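J.: Here's the letter readout for the chains.
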Amino acid sequence: MLSREDTRFLPLLIPALLFYGVFLVYPMMSTFFYCLTNYSGLSNNISFVGLKNFATLVRDGGFRIAIRNTLIFVVMDIVIQNALGLTAALILDMNLKTTNMLRTVFFVPVVIAPIVISFIWTYIYNYDVGIANLILSRVGLPRIDFIGNPGSAIYFVILSGIWQWFSYRMVIYLAGLQTIPRELYEAAVTDGANSLYRFFHITIPMLVPAFTINIILCTIGALKQFDLVFMMTGGGPGYSTEVMTTKIYREAFTQQNMGYATAIGLFLFLAILLVTVAQYSLLRRREVEA
Amino acid sequence: MNARGRRIGKAALEICAWLVGLVYLFPLYLEFTIALKTQEDFKQNLYGLPRPFTFSNLSVVWKRMHVPAVTLRSLLIAAVSIAGIVLFSSLAAYAIARRNNRFYRAMYVFFIAGMMVPFQLSMIPLYKLIRWFGMMSSYQGVICIYIGSGISLATMIFTGFIRTIPRELDESAMMDGCTKLRTYSTIILPFLAPAVISVIVFMGVYIWNDLLTPLLFLGSKKATIITALYSFRGATYTTDWTMVFAGSVLAMIPLTTLFLFSQRYFIKGMMAGALKG
Amino acid sequence: MKRAFSHVLILVLLFGGMTAYATGQKEPAPQKSVHLSLILITGHDPFQAVVDNYVKANPGVTVDVQNMPTEQFKTIIKTKFAADDAPDVFPIFNDDESVSYVKNGYVADLSGMSDVVSRLKTGADSTLRTDTGVLFAFPVEMQLIFMYYNKDMFKAKGVSIPKTWDDFVAACKTFMDKGITPITIGHKDTWTTQMIPYGLTPAKVHNKDPKFQKDVLKGLKKYADNAGWVDIMSKYEYLLGQGFFNKGSLGTSFEQSLQMFANGDAAMTPNGTWAMGTINDMKPAFAVGGFPIPADKADAPAASASINGGYTVYAKSKNIDSAKKLLAYMVSPAGLSIYLKDKGPAPFKDVNVSLAPAINEVIDLEKGMPLYNFDNWAIGVQEVFMKSIQEMIAGQIHAIDVLKACDEATKKALNR
Numbered sequence: 124m125l126s127r128e129d130t131r132f133l134p135l136l137i138p139a140l141l142f143y144g145v146f147l148v149y150p151m152m153s154t155f156f157y158c159l160t161n162y163s164g165l166s167n168n169i170s171f172v173g174l175k176n177f178a179t180l181v182r183d184g185g186f187r188i189a190i191r192n193t194l195i196f197v198v199m200d201i202v203i204q205n206a207l208g209l210t211a212a213l214i215l216d217m218n219l220k221t222t223n224m225l226r227t228v229f230f231v232p233v234v235i236a237p238i239v240i241s242f243i244w245t246y247i248y249n250y251d252v253g254i255a256n257l258i259l260s261r262v263g264l265p266r267i268d269f270i271g272n273p274g275s276a277i278y279f280v281i282l283s284g285i286w287q288w289f290s291y292r293m294v295i296y297l298a299g300l301q302t303i304p305r306e307l308y309e310a311a312v313t314d315g316a317n318s319l320y321r322f323f324h325i326t327i328p329m330l331v332p333a334f335t336i337n338i339i340l341c342t343i344g345a346l347k348q349f350d351l352v353f354m355m356t357g358g359g360p361g362y363s364t365e366v367m368t369t370k371i372y373r374e375a376f377t378q379q380n381m382g383y384a385t386a387i388g389l390f391l392f393l394a395i396l397l398v399t400v401a402q403y404s405l406l407r408r409r410e411v412e413a
Numbered sequence: 004m005n006a007r008g009r010r011i012g013k014a015a016l017e018i019c020a021w022l023v024g025l026v027y028l029f030p031l032y033l034e035f036t037i038a039l040k041t042q043e044d045f046k047q048n049l050y051g052l053p054r055p056f057t058f059s060n061l062s063v064v065w066k067r068m069h070v071p072a073v074t075l076r077s078l079l080i081a082a083v084s085i086a087g088i089v090l091f092s093s094l095a096a097y098a099i100a101r102r103n104n105r106f107y108r109a110m111y112v113f114f115i116a117g118m119m120v121p122f123q124l125s126m127i128p129l130y131k132l133i134r135w136f137g138m139m140s141s142y143q144g145v146i147c148i149y150i151g152s153g154i155s156l157a158t159m160i161f162t163g164f165i166r167t168i169p170r171e172l173d174e175s176a177m178m179d180g181c182t183k184l185r186t187y188s189t190i191i192l193p194f195l196a197p198a199v200i201s202v203i204v205f206m207g208v209y210i211w212n213d214l215l216t217p218l219l220f221l222g223s224k225k226a227t228i229i230t231a232l233y234s235f236r237g238a239t240y241t242t243d244w245t246m247v248f249a250g251s252v253l254a255m256i257p258l259t260t261l262f263l264f265s266q267r268y269f270i271k272g273m274m275a276g277a278l279k280g
Numbered sequence: 265m266k267r268a269f270s271h272v273l274i275l276v277l278l279f280g281g282m283t284a285y286a287t288g289q290k291e292p293a294p295q296k297s298v299h300l301s302l303i304l305i306t307g308h309d310p311f312q313a314v315v316d317n318y319v320k321a322n323p324g325v326t327v328d329v330q331n332m333p334t335e336q337f338k339t340i341i342k343t344k345f346a347a348d349d350a351p352d353v354f355p356i357f358n359d360d361e362s363v364s365y366v367k368n369g370y371v372a373d374l375s376g377m378s379d380v381v382s383r384l385k386t387g388a389d390s391t392l393r394t395d396t397g398v399l400f401a402f403p404v405e406m407q408l409i410f411m412y413y414n415k416d417m418f419k420a421k422g423v424s425i426p427k428t429w430d431d432f433v434a435a436c437k438t439f440m441d442k443g444i445t446p447i448t449i450g451h452k453d454t455w456t457t458q459m460i461p462y463g464l465t466p467a468k469v470h471n472k473d474p475k476f477q478k479d480v481l482k483g484l485k486k487y488a489d490n491a492g493w494v495d496i497m498s499k500y501e502y503l504l505g506q507g508f509f510n511k512g513s514l515g516t517s518f519e520q521s522l523q524m525f526a527n528g529d530a531a532m533t534p535n536g537t538w539a540m541g542t543i544n545d546m547k548p549a550f551a552v553g554g555f556p557i558p559a560d561k562a563d564a565p566a567a568s569a570s571i572n573g574g575y576t577v578y579a580k581s582k583n584i585d586s587a588k589k590l591l592a593y594m595v596s597p598a599g600l601s602i603y604l605k606d607k608g609p610a611p612f613k614d615v616n617v618s619l620a621p622a623i624n625e626v627i628d629l630e631k632g633m634p635l636y637n638f639d640n641w642a643i644g645v646q647e648v649f650m651k652s653i654q655e656m657i658a659g660q661i662h663a664i665d666v667l668k669a670c671d672e673a674t675k676k677a678l679n680r
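Protein chains in written order, with the working numbering: chain A, 124 to 413; chain B, 4 to 280; chain C, 265 to 680.
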């Protein structure tokens, strides 16, 4: 099956395979085994329950809420992060005097620890003393209970996440912009194309690969989001900001339903896999060869 | 639009960008000012500048968190882990990028799939595994775990990047009689610099701020900068936030320096290849 | 191909060498002494000083202390149990989870330590014993739940300490009419939703039916059928409806609400003895007092006091006797007088603690009242209780629905 060329390359895979297989794949596989049991996470009294956990999954209202919130997370992240990231990249690609400093300014939030981020935003969103509400009341608008209102909480939690992470998108778009050969633009100018035309017919198509990567990373990041939600609202008020990762965590550790939690985890994993493969094949087809 | 108009336009844009940047940085401003406030000042004066500027917070935190020791430890773990990730992933990526048949494509998906699993789930088997290896409370343990989890993203980035390096270069090296490994080190590696820098930044941020792994596997004598930060509680049931923020300000410095330094490589050629791949 | 392999091998060895060098930084393990490990959670920092004293007095012993937030601790201890690698001494709570730890053999039975057991106040160990009489922890603190109030504000507005529920509602109305937020609470942090219910359950539920909680855990009784519980949750809903709480409480954290109280922006805040230290740190410009949350005139008054947990010893510890000695020292008069300073009353007969005036006031007002513990829930039910209350606060469900949700969750838990 493998050609002679292939076997020459094989040894290169070994170190990666070793560490990855032993320290990530093996624990992951062992855990997924639990989804067929009623393991509580504690007792060694485990029994097989077949697909019962998956049946429960289908009937669990809390699970549906978690899926809904996670989807909102993904969509908002993809749309807003990329819009902001692209805009910022376009602006910071021009040779402004303070480009490097500006780029760092936008990048810094990425390195702040989650506990600090959630604390600061909880204060910003606070009904009584939060700066957001102080500004609102100054201009005569009514105060908003940002993360205490179950209807709106999830959106504001997502916004604070976007604040922290959109610079990753910006960085990737910047790189993409830098790889577009100047000759293309120059040729277009001599052909009489205006800036709008140049933007839509050169910049955008050449950015599709960056777009692809950003969408994929954005999706995976949103699907695995835990720290921010957990620390800001704990999935609350009630269950209104519950996402897949917090649901898994609660089922595993507070409800002592490790078996069920791993069933949800398996579902999440397959969902991510499917979505990523779909995105990847869809988007790669539209990429333009240089 | 004439040249002068363009300059004014650019200047205006720059000013706007800065204004947005300052608003954007407001939470950061909060972090820095709170870090330099006394408890009472924090309670009464949430948004203003510190009155007085309590730089002693930084020195208190420096001592209580053992900042030099803890930073060094985080640095050590991050450095070795990232070295392993970069080395192993780039090797694997080289193989995957060059061979385009079913086997290697399956390998690619195999490696990428690892990005999609939340950590909490695999905690228990991982814990048992590390104990079995006798690596509890050791640096090797956490380093191995980080390498295992970092390979996915790094492989994805490197594969895309290597695909853009023209095969002719490989082939000419082969004709000169190089082994795969020499081809790798003399041709591929130099081109990879931008991708390597980006992996370093991404992995660095992740490892630096990671809480659960060191808490579980490193034990108390070997606190990393982030576990030291989290354990910062007073005798009461709440945190002295001014201290926590002072600590997090100190924790931020190495990463920010890294980013500033990497600016040159990071942006310019970063994923030139990945994008075309 | 062979060359490739050897190159890769060299790389792996190099890596191994790097880590070996890195790990060479390890300190050599001390030879003859006993090594104990201890975990301290949020707010238990004073025990560090206690441990230091113990180590000084016992040169053959070293204690490795790890600090972590309570939430992380609960996750980590489960992982450590599952891997047979728990610390020698660690905190434990009086909930069903802990009972399951005992059932699974992770926690030692401390009833054999008679010299410590004999020092306990009567009833102090009732929540820390299983049905079969196993004592699974020594308590370190007796916690009271009550209403903190701004003494100066009460005096200025001519409001006296309410002795009945109706007095309490009237007091809230008075403050509201004068433009002051009557009660501030941090509902974003789920556990605060329990303060008012726990303040009222002693008089309305436990005093009337002391076996109620145990019957629920046996599947014999339901929360929604209990007149006391129904009344409590309706009262909570009533307070919400009247607007007596700080607006946006669901988005306010526990600390933020304490800050509000300490700033003088609210008249009262319901909480426990553990909050006293935080309030003091915020240096309020007024005298802080406390009174028990009053039930109706027709209810015989009872006080909400509980042993919420304590510290225990790992059943599979390799140094179990040493661990027990350390624990005994932690709860000795020498140990507890350090830990409990400004916290709450001690659960042992021979420990005298200096307490804050607010707490002393509460103890005074509760003289002669029977003491009842906070509730004991089946596995996972407490979370349902707290989150359902949040839904009630948000107006999504009603009081009775909260109790129904608890019943459903209890049924699920008991059927496992």
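A hint or two may mislead.
[Unchecked claim] Distance windows between CB atoms, simulated:
1) C/Asp489 / A/Gly185: 21 to 29 Å
2) C/Lys419 / A/Val202: 49 to 57 Å
3) B/Leu78 / C/Lys582: 32 to 40 Å
4) B/Thr259 / C/Gly369: 42 to 50 Å
5) C/Ser618 / A/Val181: 28 to 36 Å
The hints are simulated quantities; they were obtained by calculation from the structure and are not laboratory data. If you're wondering where the values come from, they're calculated on a predicted model, not measured in any experiment. Beta carbons are placed, not taken as given, at the ideal position from N, Cα and C, and that holds for glycine.
J.: Between C/Ser618 and A/Val181, does the C-beta distance stay in 28 to 36 Å?
T.: Because 58 Å falls outside the window, the suggested range is violated.
J.: Do B/Thr259 and C/Gly369 keep their Cβ atoms within the hinted range of 42 to 50 Å?
T.: Since the Cβ atoms of B/Thr259 and C/Gly369 sit about 49 Å apart, the hinted range of 42 to 50 Å holds.
J.: Does the hinted range 32 to 40 Å hold for B/Leu78 and C/Lys582 at CB?
T.: 34 Å, holds
J.: Has the hinted range 49 to 57 Å been met by the Cβ atoms of C/Lys419 and A/Val202?
T.: Given range 49 to 57 Å: holds, Cβ gap about 56 Å.
J.: 21 to 29 Å was suggested as the range; check whether the CB atoms of C/Asp489 and A/Gly185 agree with it.
T.: 25 Å, holds
Of the numbered hints listed earlier, the single one contradicted by the structure is hint 5.
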